[in-house]
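S.K.: One line per chain: the protein sequences are A and B, in this order.
For the record, in the first sequence the residue sitting at position 421 is 677 according to my numbering, with numbers rising by one throughout.
For the record, in the second sequence the residue sitting at position 4 is 278 according to my numbering, with numbers rising by one throughout.
Hints listed in this document are in silico derivations from the structure and should not be mistaken for laboratory results.
The beta-carbon is built from N, C-alpha and C at its ideal position, and this holds for glycine as well.
Hints should not be assumed to be uniformly reliable.
What the hints assert, rightly or not - Just so you have them, the derived chain A footprint on chain B, three or more residues with Cβ under 8 Å:
| id | stretch |
| --- | --- |
| 1 | 326-334 |
| 2 | 355-365 |
| 3 | 377-388 |
Unchecked claim - Straight-line Cα separation of at most 27 Å, BS3-like style, residue types lysine-lysine; simulated pairs:
| id | chain 1 | residue 1 | chain 2 | residue 2 |
| --- | --- | --- | --- | --- |
| 4 | A | K655 | B | K292 |
| 5 | A | K269 | B | K292 |
| 6 | B | K350 | A | K956 |
| 7 | A | K267 | B | K389 |
| 8 | B | K292 | A | K956 |
| 9 | A | K956 | B | K389 |
| 10 | A | K461 | A | K321 |
| 11 | A | K270 | B | K373 |
| 12 | A | K942 | B | K373 |
| 13 | A | K763 | A | K655 |
| 14 | A | K383 | A | K448 |
| 15 | A | K547 | A | K269 |
| 16 | A | K547 | B | K348 |
To be verified - Residues of chain A placed beyond 10 Å of chain B at every Cβ, according to the derived structure:
| id | residue |
| --- | --- |
| 17 | L262 |
| 18 | M298 |
| 19 | N355 |
| 20 | I373 |
| 21 | E384 |
| 22 | G408 |
| 23 | M561 |
| 24 | W622 |
| 25 | R659 |
| 26 | M664 |
| 27 | F709 |
| 28 | F955 |
| 29 | D1006 |
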Amino acid sequence: MYFGILKRDLKRKKTMNTILLIFMVLSVMFVSSSVNTMLSVMSATDKFFEISGVKDYFVATIGTKAEEDLNDKLSALSYVDSIKSEKIFYLTESSVKYNGRFIDLSSTGLLNSVDDIGIKIYDDNKKELTKVNDGEIYIKRSIMENNNIPVGGKITVKSGGYTGVFTVKGIMLDAVFGSDMMGTPRFIISRKDFDKFVQSSTDEKYDMYKGFIYNIETSDTDKVGNVVSDISGVAFTGTKDMLKTTYIFDMIIAGIFLIVSVCLIIISIVLLRFTIGFTISEEYREIGVMKAIGIKNSRIRTLYMVKYLAMALVGAVTGFFAGIPFGNMMTEQSSKNFVTGDNQSYLVNFLCALAVLLVIGLFTWWSTRKVRKFTPVDAIRSGESGKRYKKKGLLSLSKGHSRPVFFMAFNDILSGFRHFAVMSVTFVIGILMITIMLNTISTLQSPKLLGWFSMAECDLALEDKENTEKYNSPNGQRLRTEYVKKMEKTLADKGIPAHCFAETLFKYSIQSGENKSVTLSFIGSNSTTDMYTYIEGTPPENVNEIAVSHIIAERLKVNIGDTVTVKVGNEEKEFIISALYQSMNNMGEGLRFNEKVEIDFSEALGYFSYQIKYTDNPSADEIQSRRETIEKLYPDYIVRNAGEYVDYSISGVSGMLSDTKNFVVMIVMLINILLVVLMEKSFITKERGEIALMKAIGFKNRTLILWQTLRVAIIMAAAVLIAVLLTDPASQLAVGGIFKIMGSKYIIFDTNVLEAYIIYPIAVFAVTVLASLMSALGIRSISSQEVNNIE
Amino acid sequence: MKKILEVNELCKTYVINKRQNNVLRNVSFFVNEGEMVAVMGPSGSGKSTLLYTVSGMDSMTAGEVEFDGKNISKLKPDDLAELRLDEMGFIFQQMYMLKNLSVMDNILLPARQSKINPMTSKEKLEYCRELMHKLGIIEIADNDINEVSGGQLQRACICRSMINKPKVIFADEPTGALNRSSSDEVMDELCKINAEGTTIMLVTHDAKVAARCTRVLYIVDGNIKGEYNNTESDMRKRERSLNNWLLEMGW
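Using the sequences provided together with the hints, build the complete structure.
M.R.: Printed below as a string of structure tokens:
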């Protein structure tokens, strides 16, 4: 008999049962794919480093002088377990050409032989790359994307005494040099091709193009670091942990997916809780009838438990399979630059499906608990006993002047918010997912971020790709300062009042007592230290003062007022720390000299773009016109505004951020559409009688469709408002931690108000309301005679 | 006397499981302005279908229905809805109301929705109060519909049907769910409304209710089998006379 009841129930309440089943499938799908994504994202860098065989410490040397010294010193250390060295060739900005133009490397590049490389590298299909054919080359994703180099494109590579033409075979995933923060891009060619570079560069004049990378296995990276800091010819060093942090942008994207995953799990639980509660409340009348004819509470409860668990089982199996492609899609999107082995664990999917099954069981048990308390009459009255009727209408039509349709929409929401709670929570979470992500992205692309890159704010940045070598001399500072002053005069002659300045980068060792670090060091040309942003203290106004990043201060255990020793060239100089700042260069490490400090620019590691800051307050049109003038004045330079410069500095991330943005918006819209369509269908099913009554008393279809749609629109509008209000604290909570890893002590999110709070919410609002409108069209099929379905 | 409702050769057929079910077969009748007409007949004879079809709530298979000179069979769904809102009132056997609205808001709703009702919002509210006062339910104005008795609720439904001052009120078993005393109270109110000039067409099983109408149509198997005019002024005689006629009809 009970089986018969179940069978008829499933058939008779086809719409509601189908809706519930779809929600169950979605829940299993979301939970299993989200948990898989979370597991993958949380350990992505660890897994990538582990399977790539990245060693504890690495050193890159330039020239041939450091080789012997380093080998001798490192092999003598008891805490160094193994050293693997790779021969490399350095590539400058004028080394690689595609279609007759130098490609943008962002920084100095490296050329390696596939047979010589000290770690495992992977192709775009995440398969280990062990062989490269002669004449072929593999390069980093961002280099290909930023320079529009297609697979199969021919590039010309020149280093030392050899120039070769190579066919781009594909993207290479490289744990050590593959991150977007790691400016140095690596190019991989065959052993035979590499040997051609070696054989053609035996002359001493080519030594500056040669170098080594040492992959060191050690139990004490600090001690190795101290030893290496004393050796000249070291271009850069790093620990495995520091390398991991260079994946910060990937981690931010992964972090966004982590947030998306957590949100999807919350949405799934909310969906299940409310849908089960909602559908069981629909069963009260039948529960009452069963109680009235003498069926025991336990039997009634079991009946519904069996029904919901049977549906949950179907949902779990379907969701298990549906979750696999969805999870793969999420994991792929979240870890484009990582190789993490198997993306999907079927065991995880199975356990998630099982967990959802249990949760459904619990929710059903919880929702049917009232069965015990109800008298048959209470149940027939939909769970409300005659003496305890709750006041439903909170608003009054008689007290206002609003149109009935608006009044009814508001009144329904306020009277039965429980029914709209699932939509409200989902909409708020969805909009938050978008606004948090957009705020993160606009913060990463904000001109304000210049300060984080150890630069002063400016209006334009002019990149000189080919002529910076002229400053590689002891009087480089004077030459550079003269050049930017000349630039100021040229601009003034064209009626552009501006302050021009430039930043030069060095790598120096800084020490306080036993604590030592090799760090990026900055000095400005024609700038003053008060133009930069500090988080504590005062700018280093005197030559014996410096500012250090708070990461360096923490590492050296020093603070403002303490004295540190910096090895500038061969001279050890003492400086008093006058200020602390935050930086995203080199994972927050850095120091800034007063501009009057005498430094030999032949030791310079790099030159940042010339910066132009207008001294008046030009209009937007004027800014554009000035840019055009400057582009004509300096045709060899790449001119970027501050926003473009930041975007360029985080090259490779912009595309990924944009993909992530589109993916998350698509997910949110899909969830909203699914939810609204299903909820609207269930509302229409539940309110069929009332809709018929309203038709009977003369309400038109379009009025009723508007009424149903308005409710969703009101909930959506409220959700947008709530989400906008919650965005900042939620962003701090969700993404602030990731920024801290980047070296930021505090973060003020840069909000693109138009995009984050207007365009995207309106787009989601429009799509959601449109979905609601389309679903509400089902009202047209309800006849006024169905008034007899009213409960 | 002006005919407010004129029905000619009205047919209604339902197809269930590929079988045709002719519920109304060439029904013709009329209702004059100011009349109170009862439709009686055995269960399944097509009484309610007739009421819903002539009021435009249900479509017809064939025939014509003219309401106040308008051929409703040719009206579009939206025009029919407007007609129901502004010129017709409905009372159902069950006291159907919107759960989330108070009793007064339920009554006021059609008035606020009407675009041709010339009264201002304030006047509509006043008229709503007046109606509720007249029907003795003003004290439950702000109550939830779950908080009042069936009789009170049915009187609220009558108020709702009256709020736009309709030309005709259609009532489907308006006393069917009420006890005798509530039933009498509701009929008293309907008679008063009719006396004030509103035409009423109702479906009932109750001869006592039908006896209070001016005319009774008896329907069997989708056809009007007979028509009875209540001419007696004494209510007891009127009931007796109607009962005799109903017996003749096979009631």
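S.K.: Against this structure, judge whether each hint is valid.
M.R.: Outcome of the hint check:
Proximity of the stretch 326-334 of chain B to chain A, defined as three or more residues with a beta carbon under 8 Å from a beta carbon of that chain, is established by the 3 residues found. With a threshold of 8 Å between beta carbons, the proposed coverage of the stretch 355-365 of chain B by chain A holds, since 8 of its residues qualify and at least three are required. Against chain A, the stretch 377-388 of chain B contributes 8 residues with a C-beta closer than 8 Å to a partner C-beta. That satisfies the three-residue criterion, and the hint holds. For the hint pairing K655 (chain A) with K292 (chain B), the CA-to-CA distance comes to about 52 Å; that exceeds 27 Å, so the pair is violated.
About 23 Å separates the Cα atoms of K269 (chain A) and K292 (chain B), which keeps this hinted pair within 27 Å; it holds. Simply put, K350 (chain B) and K956 (chain A) have alpha-carbon atoms about 11 Å apart, close enough for the 27 Å limit, and the pair holds. Between K267 (chain A) and K389 (chain B) the CA atoms are separated by roughly 43 Å; this puts the pair beyond 27 Å, and the hint is violated. A C-alpha spacing of about 31 Å is found between K292 (chain B) and K956 (chain A), which places the hinted pair above 27 Å, so the restraint is violated.
The hinted pair formed by K956 (chain A) and K389 (chain B) meets the criterion: a straight-line CA distance of about 12 Å does not exceed 27 Å. At most 27 Å may separate the alpha-carbon atoms for a hinted pair to count; K461 (chain A) and K321 (chain A) meet this at roughly 13 Å. Restraint check for K270 (chain A) and K373 (chain B): satisfied, since their Cα atoms lie roughly 25 Å apart, inside the 27 Å limit. Restraint check for K942 (chain A) and K373 (chain B): satisfied, since their Cα atoms lie roughly 12 Å apart, inside the 27 Å limit.
Proximity of K763 (chain A) to K655 (chain A) is assessed by CA-CA distance (about 75 Å); at most 27 Å being required, the pair is judged violated. With a C-alpha separation of about 22 Å, the suggested pairing of K383 (chain A) with K448 (chain A) holds against the 27 Å cut-off. Restraint check for K547 (chain A) and K269 (chain A): satisfied, since their Cα atoms lie roughly 20 Å apart, inside the 27 Å limit. For a cut-off of 27 Å, the pair hint linking K547 (chain A) to K348 (chain B) is broken: about 49 Å separates their Cα positions.
At roughly 24 Å, the least C-beta separation between L262 (chain A) and chain B is larger than 10 Å, which holds for a residue marked as non-interface. Annotated as non-interface, M298 (chain A) keeps its C-beta farther than 10 Å from every C-beta of chain B; the closest such distance is 46 Å. With a least CB separation of 64 Å from chain B, N355 (chain A) remains clear of the 10 Å interface cut-off, as annotated. Under the 10 Å C-beta cut-off, the non-interface status given to I373 (chain A) relative to chain B holds; the minimum distance is some 70 Å.
Residue placement check: E384 (chain A) keeps its beta carbon more than 10 Å from all beta carbons of chain B (closest about 64 Å). The beta carbon of G408 (chain A) is kept farther than 10 Å from every beta carbon of chain B, the shortest such distance being approximately 62 Å. Against chain B, the non-interface label of M561 (chain A) holds: every CB pair exceeds 10 Å, the least being about 29 Å. Every C-beta of chain B lies more than 10 Å from that of W622 (chain A), the closest at about 25 Å, which supports listing it as non-interface.
A beta-carbon of chain B comes within 10 Å of the beta-carbon of R659 (chain A); the shortest separation is about 7 Å. Separation of M664 (chain A) from chain B is inadequate, the least Cβ-Cβ distance of about 8 Å not exceeding the 10 Å criterion. The non-interface label for F709 (chain A) is consistent with chain B: the shortest C-beta to C-beta separation is roughly 58 Å, beyond 10 Å. A beta-carbon of chain B comes within 10 Å of the beta-carbon of F955 (chain A); the shortest separation is about 6 Å.
Listed as outside the interface, D1006 (chain A) is consistent with that label: its C-beta sits roughly 44 Å from the nearest C-beta of chain B, beyond the 10 Å cut-off.
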